[in-house]
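Colleague: Sequence:
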Amino acid sequence: MCRRFYGPRERKMGLLAFLRIGVWFNGLRAFRKGFLGNVLGEGFVLGGVFVIGRDPQGILLEHREMEFGDKVNISDVLHAARRITRDL
Numbered sequence: 004m005c006r007r008f009y010g011p012r013e014r015k016m017g018l019l020a021f022l023r024i025g026v027w028f029n030g031l032r033a034f035r036k037g038f039l040g041n042v043l044g045e046g047f048v049l050g051g052v053f054v055i056g057r058d059p060q061g062i063l064l065e066h067r068e069m070e071f072g073d074k075v076n077i078s079d080v081l082h083a084a085r086r087i088t089r090d091l
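In case it helps, the numbering used here puts the sequence shown at residues 4 to 91.
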């Protein structure tokens, strides 16, 4: 059985994404923090972060990028990771 996070197709944003003000603010924020980016890979695929617990727990955190540069809250990731049970 094949499982996919994004369903039957990847989530992408096209060139019109650069007209969104949030994308420009995210890019400016990254530039100010010293991130210049790269030109490797597929540049239009939106990313995401998942924290997955053991079988009965399932997905503890799901964050899908809504636009380029949309960041996950790190404290939410750490909180979800701490909730993963260690029992076998």
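Any given hint might turn out to be false.
To be verified - The following label-pair restraints were derived from C-beta to C-beta distances: (1) 37 - 59: 35 to 43 Å; (2) 78 - 17: 26 to 34 Å; (3) 59 - 30: 38 to 46 Å; (4) 15 - 57: 28 to 36 Å; (5) 52 - 31: 16 to 24 Å; (6) 48 - 84: 19 to 27 Å; (7) 88 - 38: 29 to 37 Å; (8) 21 - 74: 31 to 39 Å; (9) 39 - 87: 28 to 36 Å.
Calculated directly from the structure, the hints in this document are not laboratory data.
No residue lacks a Cβ here, since even glycine has one placed at the ideal position from N, Cα and C.
Colleague: Look at each hint and say if it fits the structure.
Modeller: Going through the hints against the structure:
no.	hint	in the structure
1	37 - 59: 35 to 43 Å	holds, 42 Å
2	78 - 17: 26 to 34 Å	holds, 32 Å
3	59 - 30: 38 to 46 Å	holds, 41 Å
4	15 - 57: 28 to 36 Å	holds, 32 Å
5	52 - 31: 16 to 24 Å	holds, 22 Å
6	48 - 84: 19 to 27 Å	holds, 24 Å
7	88 - 38: 29 to 37 Å	holds, 35 Å
8	21 - 74: 31 to 39 Å	violated, 18 Å
9	39 - 87: 28 to 36 Å	holds, 35 Å
The structure fails hint 8 only (numbered hints given earlier).
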